[in-house]
Amino acid sequence: MANLILDDICVRFGGLQALTDVSFSLAEGEVVGLIGPNGAGKTTVFNVITGVYKASSGAATYDGKRITGLRPYQVLAMGIARTFQNIRLFPRMTALENCMVAQHSRSSVGVVGAVLRSPSQRREEARIQEKSQRALDFMGLGDMADEISSNLPYGHQRRLEIARALASEPQTLLLDEPAAGLNPSESRELMEAIGHITDLGINVLMVEHDMKVVMGICNRIVVLDHGVMIAEGRPEQIQRDPKVIEAYLGQ
Amino acid sequence: GSDGAEEKQADQVLKIGTLSPLTGPYAADGNDIRQGAEAAVAVIKAQGGIPGFSDIVVVPADSACDPKQAVAAANKLINDKVPAVVGAYCSSATIPASETLAEEDIIMITPASTSPVVTERGLPYMFRTCGRDDHQAPAAVKFMKEVADVKSVFIVDDKTTYSQGMADGVAAAAKEAGIEVLGHEHVNQGDKDFSAVLTMVKDRNPDLFYISLQNSSSGATMVIQARRMGINAILMGQDAVFHPKLIEFAKADAEGMFCTFGDIDTTTQGYLDFLANYSSKYSAPGAYSAYSYDSAMAYLLAVKAAGTTDPAAVRAELLKLSFDGASKTVSYDEKGDSGSNYTVYQVRDGQFVPYWNSLTGQKY
Amino acid sequence: MDYFIQQLINGLTLGGVYALIALGYTMVYGIIQLINFAHGEFFAAGGYMGVIFISWLAAQGVHPYVCLGIGLVLAMLYCAMLAMAVERLAYRPLRQASRLAVLLSALGMSIFLQNGLMLTQGQYDKAYPTEITAGGFQLGGLYISYMQCLIVALTIFLLVVLNLLVFKTRIGKAMRATAQDKVMSALVGINANHIIALTFAIGAGLAAAAGIMVGLYYGTVSYSMGFVPGIKAFAAAVLGGIGNITGAMIGGLIIGMVEIFAAGYISSQYKDVFAFIILIGVLYFKPTGIMGENVDDTRV
Amino acid sequence: MTIQESKRLWVSLGVGLFWFLMLLWPLLGIKPGGLEFSETWAVFSKIAVAAVLIVAVYHLRQAGVLDFIGTPLVKASEAVGRGYQKAPTWLLLAVVLAAALIYPQFAGRYGNDVAISVLIYICLGLGLNVVVGLAGLLDLGYIAFYGVGAYAYALLSLHFGLSFWTCLPIAAMLAAISGCIIGFPTLRMRGDYLAIVTLGFGEIVRLILNNWMTLTNGPNGILGIPRPDFFGYNFASLSSLYYVILGIAVFTVLAVYRLNHSRIGRAWEAIREDETAAELMGVNTFLLKLLAYAMGATFAGLAGAFFASRMRFVGPESFTFLESAMVLAMVVLGGMGSIPGVILGVLVLVALPELFRDFELYRMLVFGGVMCTMMLVRPAGLWPAKRVGRRSEEME
Amino acid sequence: MNQDSRQPILELRNVVSAYGRIRALKGISLKVFDGEIVTIIGANGAGKSTTLMTMCNVVKAVEGDIFYKGERINDVAPDQLPTRGLCQVPEGRRIFPRLTVTENLDMGAFFRRDSAGIKEDLERVYDLFPKLRERRRQLGGTLSGGEQQMLAMGRALMSRPRVLLLDEPSMGLAPLLVKQIFDIIATINGQGVTVVLVEQNANLALQCAQRGYVLETGSVVMEDEASALLHNPDIRKAYLGE
Ligand SMILES: Nc1ncnc2c1ncn2[C@@H]1O[C@H](COP(=O)(O)OP(=O)(O)OP(=O)(O)O)[C@@H](O)[C@H]1O
Ligand SMILES: Nc1ncnc2c1ncn2[C@@H]1O[C@H](COP(=O)(O)OP(=O)(O)OP(=O)(O)O)[C@@H](O)[C@H]1O
Ligand SMILES: [Mg+2]
Ligand SMILES: [Mg+2]
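Protein chains in written order, with the working numbering: chain A, 1 to 251; chain B, 1 to 364; chain C, 1 to 300; chain D, 1 to 396; chain E, 1 to 242.
Rather than coming from a laboratory, the hints here were simulated on the basis of the structure.
Computed from a predicted structure; not experimentally measured.
Among these hints, one or two may not hold up.
Claimed, not checked - Stretches of chain D that chain C covers, calculated by requiring three or more beta carbons in the stretch to come under 8 Å of a beta carbon on chain C:
(1) 225-234
(2) 332-338
(3) 366-372
For glycine and all other residues, C-beta sits at the position ideal for the given N, C-alpha and C.
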C-alpha cells in the first residue's frame, strides 16, 4: 500500500513550463530522493501532489485513487503529509499545538460536541494530545512541547515540521530540503531520524541538496532539470550519470 | 448642606433633564435645545424661583440622535432623579427614550420631534411643544396649491424617520390636491453629492422642488448644487432645513426659497423676552431654541402651580396651562400636543421672512 | 441622451473626488499595509484649512484665483504636517505591533482628530466663499461647471505625477523597497522612517487637495465629512487593488460612476448597495482587485 | 539615563511642541477678520505645561528618583498577581459569578442599564473574537449579524407572536445563515480585501434595514417589541432583564472557551497563523472559515434578539459601521483571542464614555485620545492571550 | 593574542544582544581585520545571524561596544552603515520581490550619487553573474533560489562595500552553485573586500576563510586560524559530522 504514482505530470505558470511529463512512483517502504538544480521544479512536484497547484495535464494516483484535483486537506486525509522548504509552522502556537492541528483530519467532534464537552469529545481530545506528544518525542522534541514554535531555533523548527507531519499519521511523507540550514552533524542526526520513520512503515519522498544525506538514505533517486526528468536510478548510478554531473553535481 | 434624610421640601433642588444630541451631526440643534431649557430656568430663577425648591438645575444628557444612546441617557436621567425631561430631538431617539421614561412616570416634553407617533401611543406624560408632521405636510401642500400655484412637484428626502415621514406626507397630500408628483427620491444621510438626483430633477423639470432633509447644512448643500446645476424650480423645505445656517451657507442660492416652520412670531413680548435672555448668554437662537425654552417654561410653570413634582399633579396643571411663550401661546391637549401653526417663510435678502400663514391662509 | 451624458459627467466628478482621496489611502497602505482610518480626517482638515486660508486671503483683497492657489498649497502643507505628527505619535511606536493594534490606533486618531476639528471649528458647517469658482459652461443641453473640470483635471494630473514619482524617482524606488522589506531597505541605506513619514505627508497632501475641491464643489465643509468619503475611498482603493496608484484612480471612478448611475437610473437610496455589490462582485472574481498584483503569498 | 539621552528627550519635546503650535494656530488664529494669537496661546500654554510635566515625571522615573513610590506599588501588584495565580481558577470564577449575580441588588437603574450594555457587548465581543481573534479574519461588518438577530426577534414576535425563548435560537440561526452568506464570497480573499468586503456587507444590511419599508418599516424602526416572559413571569424590570442577558453572556463565555480549546478552535488558530499551511495540514479551511463566521454571527444574533427585547424598539441607526468598529476596538484593546481580555476591553470601552460624560464636548476627543494611548502603551491588549510575541526583527 | 598589533576594521567587544528577554548573544568579542575572510560557525541557534544583525545595528546591542574603522557605531542608525561600507547579505536573501533585477541592484547603490560609477558597477556585477544580465527585467520574487542568491550578492556589491557580511550564502543551493558562490567570495576578497562569512557548510567555509570563530549558545568558544579549526578533532566531530 501507500503507492504513489505520478503519471505524465505537466505544470505551467503562464508562459513557464515548470514540469514536463514527470512520471515516477514511490512504493511501500521506499525512500526516494528528488534532486535537481535550483528552479528545476522539485517543490512544484510536491505542490502538485499535495494539491497546492493544479497539474495542467497528467495525473497522480495514490493506492489507485486519483489525487490530482483534490484539495490539500483531502490529500492529507488520504495519508500524504509534507514539510515545507521555507518553514511554515504556526508561529504563535506551541510545538504540541502545532502537532495537534495535524490531527484535525483524524478527529471528528463538531461544534455541538465541543460546546457541550461530551465524553466522546474528551476522549478524542486526550487521544489527540497523546498522539501529538508521541510525534514530538519521536523527533526528540518531547520536552519542548510547550515552547512557542517561533521561539525555537531553526534546527528544531525543521524537526518540528517533521513531527507535525508525522502527527497526522501519514503513510507517505514528503520532505522538502529537511537538511537545509543544518550543519553536517545535525544532518546526520536527521538521517537517523528518517531511518526510524521508514521503520514505522512510512515511505518517504525527499528533496535535498545535501548529497551526503541523499546518497546515504535514498533507495532510489529521481533527477529533474528544467522540469524534465533527466535520470532515475540507484544512488550509485546517479552519482556517475554524466547528465546529472553536468546539470547538478558538477566537477 | 443638610444631612438629614428627611429634607424639607424647601431644600429640594428641582432638576430638569434635557435629552438632545450633544455630539454627532446634530450637535448644533442639540445644543440649542439644552440652551433653550437653561434660558428658561434662568428666567424663572431670576423671577425668584419656585416656592418649595431651593434651586433649579438643568441636567443635560446626550441622546446622539441614536436610539440606544438615547435610552442609556434616559436611564441616566432617571438615575439622577429628574422628574421631567425636555427632549429629545430626533423622533427615532425620542420614541424609545420616552418608553423608558414612561416606566418611571417621568414627564417628557419634546421641543423638536414632530413625528405623529410620539404622542399617538397613549403615554400620559408625553407632551410636545412643536407641531406635527401630519399638520406640516398638508400646510406645505396647501401653500403649493393655493399660493404658489404649482402643477408638479419633485420630492427628495434623506431617509430618516422625520424627513421621510414629511416627504411621504407631502407626496400623499400633493396627489390628493391634484399636484403631479414627478418623482420622490431618497438620498442617504451624510451624502454630499446630490448630482445624480438633481440631474433627474432637472430632467423632469418640476414646478416646485421639495427638499425634506434632516439638517440645514445638507439642505444648504442641496440648494447650492441645485441652483448651480440650473434648476429653476421653486425650492421649498421643511422645518429641519429652516435654520439661519441655511442662508449663511447657501447665500444667494437660497434666495427665494420657501420653508415651513412652526410659526414663531418674533414680535410678541414672549419672544422678545426670550431673545433678550437667550442672547445675553448664548449666540443667536437656533431653530429649536424657542421651543425648548417654552417646553422648560411650561414645565416650570406647571410645577409652580402644582407645588410639587408629582407627575399626575403636574400633568393636570400642564393640561390647564396656557401662557404666552416664545414660540406661541402654549397649551396642551389631552394627547399632549400643543397644536401646530405652520407658516411658510421665504428667504429674502438673506433672511427668513414670514410669507404665508397656513391657518389663516393669509399672506403677511 | 443628454441625461445620460450629464450623469456621466457627474459620475466622473464624484469618481474624481473618491480617486483623490483613494490615492492617499493607497499610498499609505502600499507602504505600511495600514488602513489609515484617519485619512478621512486629513481630508476634512484639508477642507477646513481651505476655508480658513482662502477666506483670510480673500479678506485681504487677494485675487480669487491667487487665493485658491495659495490656499491649496497651504492646506496641503498643513495636512502634510498633521499627517507626519500623527504618524510619529500614533503609528511609528507601533511598527512592531500587530496590524490590528495599529488599525485601532488609527481609529482612535480618527475620532480624536474629528472631535478636535469640531472643537476648534465649531459644530456647524463652514461655507466656502464659493463665488470664486461658481459658474460653468453650457454644452448643448449639458451644463458643466468649472469645478467639475478642475476636479477631473487635478485628479488626472496628480495620477500622472504620482506615478512618475513612484516609478521614476529615487524616492519612489525607496518607497517601494520600504514597502516590501523594511529591514532589508535599512541594510541598503534607506531610512524607512523618513520614507514612511514622507509617504504620509504626500497622502495627506492629496487628501487636503480633495478636501478643498469638495468644499468648493459642494459649498460647505463639516467636521464629520471625512467619514463617508473615507470609506468609499477605501473601497475604491481596494477595488483597484490596494497599494496600486492607477488602481485607486480606476476604483474611484468605478465607485463614483456606479453610485451616480445607480442613483440616476435605479434608486438613489440603494446606490451604495450597488457600489458595494460591484465591489464584492469584482473582488469575488479577482480577489486582489482590478490592478492588484497577483503576488502569490501561497508559495510553499 | 545618560545626559545625551536626556537632552534628546527635551529637544524632541521642544520640536513636538513647536510642531503642535504650528498645527494649532491656523485652526484657532486665522480668522477672515485678522490674525489672532491669544486663544491659541491660551490653549497651547496649558497643553505645553502638561506635556512638560509628563516628560519631567517620565524623566525622573527613568532616573530612579521616583523609585520610592514605584517600588512598593510594583511589589504590591506583584503580590496581588501571585495571590491571583495561587487561587484556584474555579474560586475566582465563582467570586466573579457571585458578584455578577448580586450586582443588581446594589446598582440603581442606571447601573443596571450600563451592566446590560456591558453584557451585550461581551456577547458581541466574544463572538467577534471568534472571527478576528481566533480565525484571524478581519470583520468590519460584524454588527450586521446583531441587526439580523434584533430584527428577527422583532418581526417574529410582532407578526407571529412567537415568544422570546422560541425566537432566541431562531434569531441565532438566521444570524448564522447570514454569516455564511457573507462569508461565502470572502473566502477567497485575504487580509484587508476581506475587511472592505465585510464592511460593505455591513453597510448593505444597514441600508436594506433602512430602506425596505414593507419589511422593516425603514428608518422608523419597529416599536412595541415585547419583553421576554417565562411561564407567565414577565421580565419587565431592568434587573430581571439583567439576569436574562447574564445567562446569555455566561453561555457565550462558556461556549467560546470550549470551542477555543477544541479541535475546532485549534484549527481556527492554525488558519490565523498560516492559512496555506493549515490547509496542507488537513484543515478544511473553506468550511472552518465559514464556521467561524457562522459561530461569530450566532452570538451576535443572540445578543441582537435580546437587544430588541430590551429596547422594545429596533431601528437601523443601531447597526452602523461605527458600532462594528467599537466592538472591534473592544476585542483588540482587551487582547485578541483572550476571553478575560475581551471582557476587560468591553468594560473599559463601555465605561470610558460614561466616565467622560462630564467632559461633554470633549468626551469623544478624550475617548479617541485614550484609545490611541492605550494601544501605544499596551499594543498586545490589556490582557493578552497567552500566546503572543512573534519572531520579529528588532528595529527602532 | 597574536596579531593584535594590527588595527581591526570591525570589532565587537563583549556584545550582548537580546530578543525581548531572551539573550541571544551573551558577551561576544571578535575582530575582523582588513582584507581577510573570517568565518563564524556554530550550531543552530548559536547566534550567528544575530551577530551579523548586531554588527549592522539592526538588532541593537544592549551591552558592549561595536567598532567599525576605529569608531564606536552602537548609536549609528542601521541605514547609515551601508554608506560607510558595511554591507550585509542577510539570511534568506531578502530580495525585494516586486522590484526587477535591475531595480534590486540599483537599490544596493541607493545612497550613492555617482551615476557613472553606479553604471560601471552594474556592468561589473553583470559580468560576475551573467545569469542576472539575462534576467534583468524579471521580478526578483520570481527568480529561483540560486538566482536570488546571486542577486543578493550583486546587490551588496553595488554599494562598493569595504566589509561584506554574508549569512549562509549557500543555503538551499544546488552543489554546483555552492561551488560558484564560494569562487565568487574568493574573487571579491581578492579585490580587497573584507568578508565575514556565516555558514552551516563549515567544511567549505573553513577552507575558504583565513580565520574562524566558533559560536555556542551566544558565546565565542573558540577562535583560531581556519586551517587549525578545520583539523581540530572536536570541531570535526561537532560541526563537520565526523
Ligand atoms: N507560483 C509560481 N508562479 C510562477 N512561477 C513559479 C511559481 N512556483 C514556481 N515557479 C517557478 O517554477 C520553477 C520551479 O520552481 P520550484 O520551486 O519547483 O523549484 P525547485 O526545484 O524547488 O528549486 P529550489 O531548489 O531552488 O527550491 C521556478 O522557475 C519557479 O520560479
Ligand atoms: N527575532 C527573534 N525573536 C526571538 N528570538 C530570536 C529571534 N531571532 C533569533 N532568536 C533566537 O536567538 C537565538 C540565536 O538565533 P540566530 O538566528 O542568531 O541563530 P543562528 O546561529 O543564526 O542559527 P541558524 O543556524 O539556525 O541560522 C536562537 O535561540 C533563536 O531562537
Ligand atoms: Mg524547492
Ligand atoms: Mg542564522
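Structure-based check of each hint:
no.: 1; hint: 225-234; in the structure: violated (count 0)
no.: 2; hint: 332-338; in the structure: holds (count 3)
no.: 3; hint: 366-372; in the structure: holds (count 6)
Comparing the model with each numbered hint stated earlier shows that hint 1 is the single one that does not hold.
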